[in-house]
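Residue numbers (the numbering used here), protein chains in the order written: chain G, 220 to 428; chain U, 2 to 209; chain V, 85 to 371.
Hints may be right or wrong, so weigh each one.
Stated by the list, open to error - Heads up, simulated DSSO-like pairs for lysine-lysine below, C-alpha to C-alpha not over 30 Å straight-line:
1. K173/U to K333/V
2. K28/U to K294/G
3. K154/V to K192/V
Said to hold, decoys possible - Label pairs and their calculated CB-CB ranges:
4. K41/U to P308/V: 30 to 38 Å
5. K322/G to R137/V: 49 to 57 Å
6. S197/U to A368/G: 26 to 34 Å
Quick caveat, the hints were computed from the structure, so don't treat them as lab data. For clarity, every value in this text was computed on a predicted model and none was experimentally measured. Even for Gly, the Cβ is constructed at its ideal location relative to N, Cα and C.
What follows is each chain in one-letter form.
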Amino acid sequence: MRPEKGHLTPSKKTTVSGLSEAEAIDGAKKGDARSFEVLYDLHKRRVYSLCLRMTGNVAEAEDLTQEAFLQLYRKVATFRGESAFSTWLHRLSVNVVLMHLRKKGLPEVSLEQTLDPEPDEGGPKREFGTADLSLKGAIDRVNLERAIASLSPGYRTIFVLHDVEGYEHNEIAEMMGCSIGNSKSQLHKARLKLREILRLQKTGKPPQP
Amino acid sequence: MNCMEFQNALPDLLDGGAAPEVEEHPKSCTACAGLVADLKEISAQARLLAASEEPGEHVWARIMESVESDALGHTEVPAPLRALWWGAGQSRWAIPVWAASVAALLLLGFEFNTLRQAPATPPEGVAVVQPAALVDNDDLQLLSVVEKRSPAKRARYKAHLEAVNASIRDAKRSVEEDPANELAQERLIQAYDQKSALYEMAMTRSMQ
Amino acid sequence: MASGKQSRKLAWLLLAGCAGLALAGEKTKEFKYTAAPGAWVSVVNNVGPVTVRYASGRQILIKSKTGSDKVEVAAEQKGNRFEIRTHILQPGSEDERRVEYEIFLPAKVGIAVRADSGPIRVKGLRGSEIILEGEASPVEVHEIEAAGQHLHVRTVSGNIALGKISSAHMEVRSFTGGVSLENVSGPKVQVTTTQGDIRYNGEFGSNGEYSLISHSGNIDVALPEGASVDMMAESVQGSADNDFPLQRKQHSSFLPHKGRSFSGTSHSGSSSVQLSSFSGKIRVKKR
């Protein structure tokens with residue numbers, strides 16, 4: 220994970236309950252419900268945001284968040300501290316989401332495929348940019364969220380994992396069972412697609428062919 | 002370098018690993034420069050989205066419900082899986098020899114106590130209040146037996162029971178998800194065997 | 085002065101003598117039996133090492149040493165079974181409850197040991213049925229020619245080390261103890277842990293069935309290039325990495341998933357090897 224995203228040591232700040240994250244982890248390992256609740260409070264936004272973005276659907280995201288924390292509860296006893304807790308929990312959540320997407324039978328979730336998830340894009344198109352259509356300073360959260368939600372699941376997954384959640388390509392390749400090259404090229408296409416959508420939102424016109 | 006070539010190399014440029022001539026192109030091409038700027042802006046804005054959403058209050062309530070229902074009666078063997086378990090178990094080990102070992106243990110005084118004591122069942126609904134635990138009623142009885150021998154060991158056995166129950170649950174799920182997976186089946190069989198081994202080890206020592 | 089030195093020496097000797105007397109509870113006992121075919125020895129101990137070694141001939145020899153008079157060793161013969169048991173007469177410290185056992189076992193005599201803590205060490209046995217159970221006891225079993233007999237080992241938290249064992253039907257279990265196997269082969273080798281790591285270094289020989297399973301422990305395997313195996317490995321939530329040359333199987337319903345599962349054969353695939361961890365890491369490499 221890129222350093223600006225995760226924290227390498229458990230947060231030492233005390234939460235409302237007075238427990239530090241490290242203490243809550245120890246408590247959760249012993250089955251203490253209060254500690255588990257502390258961990259939920261500390262990490263719920265991260266997990267939920269990830270689920271919401273990867274599925275684009277509040278109900279599914281809530282179910283997956285529930286599932287992720289349930290698995291955390293079952294498995295926290297096995298957490299041995301070799302990685303940061305947040306990293307561990309995050310991976311667990313990504314697995315839950317990916318498993319869910321796989322079950323839904325969405326072929327795009329596996330990036331290891333020779334077929335492009337967007338078959339109409341045969342290859343790199345000539346992209347245009349003009350000064351007045353620059354996106355700099357023009358992307359607000361709502362627009363971006365909407366744009367991400369309208370991506371196809373394959374593009375959405377790769378974009379969320381890399382650009383939003385900060386996973387590296389080698390980590391994504393491992394999780395998705397694809398090659399690093401695949402991950403990179405899908406990410407690029409996802410970004411290009413987002414640019415198209417955002418420009419459309421801004422100008423009401425698609426970019427010139 | 003023309004725009005097409007530049008755009009082919011663009012992913013590497015954005016990743017930070019492109020040749021110098023790639024970086025040169027946008028300096029003289031506003032179209033491509035605009036493209037690069039846009040893509041960078043998209044990534045930059047995306048970074049700010051992490052952990053920006055908050056789940057509804059009810060999500061926590063539902064999590065706690067699942068944890069509690071997990072804690073009750075989750076180690077029963079569902080009928081079809083039971084057949085799998087015993088059937089496979091029997092073909093795996095030459096029955097006479099294993100039975101002989103068990104018989105030997107019995108003769109040697111490794112009595113397998115039954116748990117037909119006054120059950121230490123918590124009253125209905127208490128499980129909700131306790132620190133959510135992953136053990137069922139049989140397990141609680143076992144733990145009370147362990148405690149009589151050594152209160153210090155109760156906590157350790159509780160942890161082992163929780164871990165083995167978790168392994169049963171995880172193995173069950175794997176089998177449900179992919180019934181044809183041999184490795185998942187084996188994990189489930191072994192998870193149950195682990196649990197009975199734990200029971201035996203806990204019970205036989207309580208006689209010392 | 086010479087006399088001063090001597091009297092000091094005497095004083096030390098007296099003190100040493102007293103110290104010897106203070107360990108009055110310490111008792112050694114010996115039991116000898118002649119074993120007929122199908123004989124069994126069972127030992128139940130609380131604290132203290134139990135060592136079992138091979139002895140030629142037909143004589144079973146059991147030596148015990150108690151740490152205090154708060155414990156007692158009782159032996160009972162029931163036909164062809166010899167039961168040796170530590171009885172705790174009064175509560176005491178670990179040192180006071182400690183009993184050491186040394187057992188010399190002829191070929192084809194069965195041995196069952198149950199201990200709470202204190203290592204169980206077994207070496208050199210031939211054709212013996214072996215059942216070892218330790219709670220926190222580390223268990224070591226080496227140089228066993230099992231001749232088709234069973235070797236069952238289980239611990240709750242004790243680590244298990246197994247080396248140079250052949251022709252055994254093995255079932256090995258632990259919860260949090262780690263299990264290591266060096267040059268272990270048999271018709272059947274089944275190792276299961278809940279959290280402990282499993283390490284195997286060997287050939288997976290004898291056309292055997294090998295199964296290394298853990299819930300959250302890691303599984304590390306090193307095998308030589310010439311090993312003939314049919315291998316399947318899967319980690320549901322962890323990772324499975326293979327550095328050993330395997331050929332894809334032609335007809336297999338097993339779907340490998342990069343980074344989480346793999347399967348294949350080497351040479352004629354005579355031994356079957358199943359490696360499975362739910363959340364641990366599986367690593368296979370060439371020795």
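* To do: Decide if the proposed pair is consistent with the structure: K173/U and K333/V, CA atoms, cutoff 30 Å inclusive.
  => The given pair, whose Cα atoms are some 27 Å apart, holds under the 30 Å limit.
* Asked: Honestly, do K41/U and P308/V meet the 30 to 38 Å range at C-beta?
  -> 52 Å, violated
* Is the straight-line distance between the alpha-carbon of K154/V and that of K192/V 30 Å or less? -> 35 Å, violated
* Range agreement (Cβ of R137/V with Cβ of K322/G, hint 49 to 57 Å) -> Given a distance of about 56 Å, which is inside 49 to 57 Å, the answer is holds.
* Look at the Cβ atoms of S197/U and A368/G and judge whether their distance stays inside 26 to 34 Å. => Once the Cβ atoms are compared, 50 Å apart, the range 26 to 34 Å for A368/G and S197/U is violated.
* Restraint status (C-alpha distance of K28/U to K294/G at most 30 Å) -> 52 Å, violated
Hints 2, 3, 4, 6 from the list above are not met by this structure, while the remaining hints are.
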